[in-house]
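Trainee: Sequence:
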Amino acid sequence: MPRHIVRIRFFAVMIMAFMWASVDLSAQTLPPAEEILSERVLGNSDAKVTMIEYASMTCPHCANFHTKTFPAIKKEYIVTGKIKFIYRDFPLDQVALAAAMMARCSAKERYFGVIDVIFRTQREWGRNPNPRKALEQIGKIVGVSESTYEACVTDKVVHDGMIKMRNDAVEKYKVRTTPTFVVNEKKINGGLPLEELRKVLDAAVAKAS
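Residue 32 in the working numbering is what sits at position 32 of the sequence shown, and the numbering runs on without skipping anything.
Keep in mind the hints are simulated off the structure, nothing from the lab.
Hints are supplied without guarantee of correctness; some may be wrong.
What the hints assert, rightly or not - List of simulated lysine-lysine pairs, BS3-like, C-alpha gap at most 30 Å: (1) K156 / K74; (2) K68 / K48; (3) K187 / K174.
Just so you know, these numbers come straight off a predicted model, no measurement behind them.
Generate coordinates for the entire structure from the input sequences, incorporating the hints supplied.
Mentor: Put into structure tokens, the structure is as follows:
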């Protein structure tokens, strides 16, 4: 695809993000590390089925899941209250770590919208000669100022907390690749097709009922 078409697609998505974000792009105060590192959850907190995703922002299979499969999962299982969804970062490289930290430093109520933008534009910023700078530009669009971005990605407490999140996943669930899902403590390696994932979730919901 010609470069100018790619750029048009990239900025079109960014403009859409700006429209739903409706935020002041001025400098923000970095949230406390405890808040930045807290669980990112969607759905009914009392749901009997919990689905955990471990993902890396630079993982193409993770991007494929979030752009093609997750919308249906959200509509059919999360919005309906059947499951609680928890997203946990499992960065596979330093760029993924920077992207994950930037997303977590955005306003918490818009977190899932921010990671949606990151995954949808993964090919663009991921192929940029300076991906961290490209991520900084995305941050500005979704409400993370340049100063907040720099403060966030260089914060040692946040950095160490993200690494601990990854190490905990390895220790508890033997996570090695992304995406990895855990549905009520049952580990699922790799991105399943939507129909197969529906079978897993339907079985878990039925068992928990």
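Trainee: Hint by hint, say whether it matches the structure.
Mentor: So, going through the hints one by one against the coordinates:
1. K156 / K74: violated, 33 Å
2. K68 / K48: holds, 25 Å
3. K187 / K174: Cα-Cα ~9 Å, so holds.
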